[in-house]
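*Asks:* Here the protein sequences come in this chain order: A and B.
Per numbering that gives the first Met the number 0, the first sequence starts with residue 0, numbered consecutively.
Per numbering that gives the first Met the number 0, the second sequence starts with residue 0, numbered consecutively.
It should be emphasised that the hints constitute simulated quantities derived from the structure, not laboratory data.
We treat Cβ as the ideally placed atom computed from N, Cα and C, and that holds for glycine.
Keep in mind that a hint or two might mislead.
Stated by the list, open to error - Residues of chain B placed beyond 12 Å of chain A at every Cβ, according to the derived structure:
hint	residue
1	A62
2	I148
3	A167
4	R172
5	V181
6	V184
Stated by the list, open to error - Selected chain B positions facing chain A (Cβ under 7 Å, derived; list incomplete):
hint	residue
7	M18
8	S22
9	S25
Unchecked claim - If the Cβ cut is set under 10 Å, some of the chain B residues that face chain A in the computed set are:
hint	residue
10	E112
11	G114
12	A168
13	C173
14	V179
15	V225
16	D226
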Amino acid sequence: MGEPLLILDGVSKLYGDVPAVRGIDLRIDAGEFVAIMGPSGCGKTTTLRMLAGLETPSDGEIRLRGRRMNEVKPWDRDTPMVWQSLALFPFMSVLKNVEFGLKMRGLGAAERERRAMGWLERLHIAAYRDRQVSQLSGGERQRVALARALVTEPEILLLDEPMSALDAHLVVHMQSELKQLQEQLGITFCYVTHNQSEAFAMADRVVIMSQGRVQQIGSPREVYRTPATRFVAEFVGANNILPGRVRALSDGLVEVETAFGCLRAKAPADDTPEVGRDVSLVVSADRVVLGREAAAEGNSLPGTLIGEEFVGAVVTLYLDIGRETELRVQTQQHNLDDLDLARGTRLVASWRPEHSVILPEG
Amino acid sequence: MPVWQILFFVAAMAFLVVMSFWSVKSFRLTPDFTFANWIKMYGAGYFQDTYLRTVLYASLAAAVSSAIAFPCAFGLAFRVSPNVRRLIVFMLMTPYFTSYLVRSYSWKIVLTENGVLNTLFGWIGLGPFDMTSNLFATMVGYLTLILPIVILLQYFSLVNVDRNLIEAAHNLRCGRLRTVFVIIVPAAKIGIILAATFAFILSFGDFVSPSFLGGSKPPTLSILMVDSVKSGSQWPRAAVVALTMVFTLLVVAFAALTLAYGSGKRGR
């Protein structure tokens, strides 16, 4: 693929003395769907705004197709954005909103209308061309905002939590449509969200940020299954994090001495921790199996059932494993049918060593 | 409807309407039903001229004050820090602590032949300029009355313009100056139109500036009205002028509101 489309090289942003983004490195290839994810205040929106030129980096460099973009004004670059509030122009019709970017490039009226109508049709809102923005539903506005940003056929589209105002059922629908659109167009999408399911449903790669730093970059599966930092383990999915100390290494497995006994986990591929080091053992709630007796092999922890959260097909169970620690277990409802569960039932949670990972430091 | 409005607006208006059909006999107001006052005033060339002049003066004042106010209001809304903003908003209110009459008179000291400005011009070998008893002086007076209000009204609408709209325009390659005209002005349209309307209304009915600073020549409608009463107790003719003015303002205000908010058919 050669040179990435977009490169962020040690990019930082300070507001006065307050750092919003602290030295992030990121490479985005052409045609990728990248989601930047993190809690509010993690610097994800600031990063996106720097890509749009709405903020100037305090340090580092942003390069688009090899060109330094730091000082390029927003109106001199092609990085259209879809705002969280959508920011549609309320005093213009739908068509005028979509035509805006073309008008700014000096296209003639006929050509503007032809291209804008093409996008309105593609996004199924051609019938609303002469409506005012205020007369549209949330989903329709969303489409207008997308059409307005895409009408100039940019190489990259920036999206800042564009679905946060939509109803839940619309979000799922829009997600698959947006993903399809991105694949058809081959445009790079850079999508900022705090919502894990949105990011995982659409992105090829997920960038997880916290406190202005990149915590992990990887495919949704990688980030979900092998969190690289404690933050990621807590933020993504439903993980159980058990502190302990490395006792021994064997066969690509790490033995960890925890307050709940000796547990084993897959050794990290790149750097194997030395014996005696403080680590955290992480196991995803959906990897844990519940039973009446301990499994013959692998990790097992006895505990008492103290709570249950039922959300349709998936159930989350809370197991008291002693020392004021709860173990979360997620499973399909039908797996529990013959366990005859009640609050206070003694159970054994078990999982295979390769389903848990090790993170450095307690 | 509150008693207050019935008493001091509806009743007063009704009386004005009634009085415009009365007549004056040997300087005495006499109840009557005659169209003579209306025919006399509307038929007179000086009334027509004065009407046109007053509308033009008020329009000019509205236009000039809006044009001067916009950069000030814009800077206030988008450029200055909150503390400076608070100070300036306060300073824009302070002129109204003093009577408008006093402020107009003080302009006379500044503008007359031996006034402050001409003395200063004299030092650099210019002037003296004739700056009183003309349209310039009248406009200075109007601006004294309306400029702070126009700035404040424009400021309040500009400060409420969604910043995301401005960024969205920049993001779609709309440069800084162009954004002002294609995004910020339309987004603040209501406040800008209302500010100009206020400027028009206040200048249209003002008596102080055109008489004390403008020298009453040529007159405006308010001067004409006062003159009708002073010379010959022509209260009915003054009532005709007053009703014409009220009607004009109603039309202007209605037109301005339609322009500002749309005709109401657009579902906004």
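*Asks:* Decide, hint by hint, whether the structure agrees.
*Replies:* Hints, one by one, checked against the model:
With a least CB separation of 22 Å from chain A, B:A62 remains clear of the 12 Å interface cut-off, as annotated. With a closest Cβ-Cβ approach of about 25 Å to chain A, B:I148 is found to remain outside the 12 Å limit, as its non-interface label requires. A beta-carbon of chain A is positioned within 12 Å of the beta-carbon of B:A167; the least distance is around 4 Å. Non-interface call for B:R172 relative to chain A: violated, since the shortest CB-CB distance, roughly 4 Å, does not exceed 12 Å.
Not every Cβ of chain A is farther than 12 Å from the Cβ of B:V181; the closest lies at roughly 8 Å, contradicting the non-interface assignment. Interface exclusion of B:V184 from chain A breaks down, the closest Cβ pair being 10 Å apart, not more than 12 Å. Look at B:M18: its Cβ only gets to about 45 Å from chain A, farther than 7 Å, so that hint breaks. With a least beta-carbon distance of about 53 Å to chain A, the hint placing B:S22 at the interface is violated under the 7 Å criterion.
Nearest Cβ of chain A to the Cβ of B:S25: about 61 Å, over the 7 Å cut. The hint is violated. Annotation: interface hint on B:E112 violated; nearest CB of chain A at approximately 50 Å, more than 10 Å. Proximity of B:G114 to chain A is violated relative to the hint, the smallest CB-CB distance being about 46 Å (cut-off 10 Å). At about 8 Å, the closest approach between the beta carbon of B:A168 and any beta carbon in chain A falls short of 10 Å, and the interface hint on this residue holds.
About 5 Å separates the beta-carbon of B:C173 from the nearest beta-carbon of chain A, less than 10 Å, and the hint is met. A hinted interface residue such as B:V179 counts as satisfied when its beta carbon comes closer than 10 Å to some beta carbon of chain A; here the least separation is about 13 Å, so the hint is violated. For B:V225, the interface hint is violated, since its Cβ never comes within 10 Å of a Cβ in chain A; the closest pair sits about 43 Å apart. For B:D226, the interface hint is violated, the least distance from its beta-carbon to any beta-carbon of chain A being 46 Å, above 10 Å.
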